[in-house]
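Asker: So the protein lines, in turn, are chains U and S.
Per the working numbering, residue 1 is the first one in the first sequence, and the count goes up by one each step.
Per the working numbering, residue 1 is the first one in the second sequence, and the count goes up by one each step.
Nothing false has been slipped in among the hints.
Reference listing, derived: stretches of chain U covered by chain S, where coverage requires no fewer than 3 residues with Cβ under 8 Å from a Cβ of chain S: (1) 28-39; (2) 48-57.
With a Cα cut of at most 25 Å, we get these calculated DSS-like pairs of lysine-lysine: (3) U:Lys39 / U:Lys103; (4) S:Lys65 / S:Lys43; (5) S:Lys43 / U:Lys107; (6) U:Lys39 / U:Lys50; (7) U:Lys103 / S:Lys43; (8) U:Lys42 / S:Lys43; (9) U:Lys42 / U:Lys103; (10) U:Lys107 / U:Lys42; (11) U:Lys50 / U:Lys103; (12) U:Lys107 / U:Lys39; (13) S:Lys43 / U:Lys39.
Derived from the structure by calculation, the hints contain no laboratory data.
All C-beta atoms in this analysis are idealised placements derived from N, C-alpha and C, irrespective of residue type, glycine included.
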Amino acid sequence: DIQMTQSPSTLSASVGDRVTITCRASQSINTWLAWYQQKPGKIPRLLIYKASNLESGVPSRFSGSGSGTEFTLTISSLQPDDFATYYCQQYNTYSFTFGPGTKVDIK
Amino acid sequence: EVQLLESGGGLVQPGGSVRLSCAASGFTFGSSRMTWLRQAPGKGLEWVSSISSSSDTTYYADSVKGRFAVSRDNSKNTLFLEMSSLRAEDTALYYCAKPITGSYGAVNYWGQGTLVTVSS
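Whenever a hint applies, use it, and build me the whole structure from the sequences.
Answerer: This is the structure in structure tokens:
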């Protein structure tokens with residue numbers, strides 16, 4: 001199975017900060033990577049698919065980049081609604097594994 | 001509007017079985033790949049299983065292979081997950097989900113989930 005790692009595991013930031021989360025795959029997944037946001041007690045929300053494609057309705061302050069084994073999710077200016085846990089997921093090869101998550105909390 | 005409504009969860013004894021259902025509406029179910037995912041309490045997300053639109057292809061996570069079976073009834077717009085030989089580590093909120101077109105993995109529609117608790 002492809003293993004996914006994320007860094008950092010927790011990130012403390014302030015409103016207005018530029019935030020970057022890194023996701024790494026144990027082998028190349030081309031650009032078959034998705035990013036999700038999940039708030040406590042809520043269902044996950046797809047933010048980005050195919051590494052850099054913004055899902056419909058997602059604010060443009062979210063962006064994704066990368067290919068192969070290293071990927072990033074960037075929030076250009078952190079908003080109060082963005083404090084949540086973020087997961088990456090590879091869907092190049094089944095099992096479609098998730099990263100362990102990055103929790104973004106208030107500094 | 002896409003709607004996915006799971007049912008069938010509850011308390012199950014270790015070694016027991018349960019069948020989850022997911023009633024789908026708001027999209028062409030019979031043309032859509034579908035996926036099950038789960039999330040243990042306080043833990044991260046785990047992909048469980050996917051099925052093609054015509055049921056000719058199924059995929060399973062190693063952790064459930066041989067114990068879980070995914071199926072669908074396109075005439076009733078319903079997805080199923082038959083779970084057997086259940087273990088404590090299968091305790092989780094199980095989500096029915098619709099991936100983006102052409103994918104099994106990237107999920108853009110989720111049900112609210114149904115909780116399965118495996119305990120004696």
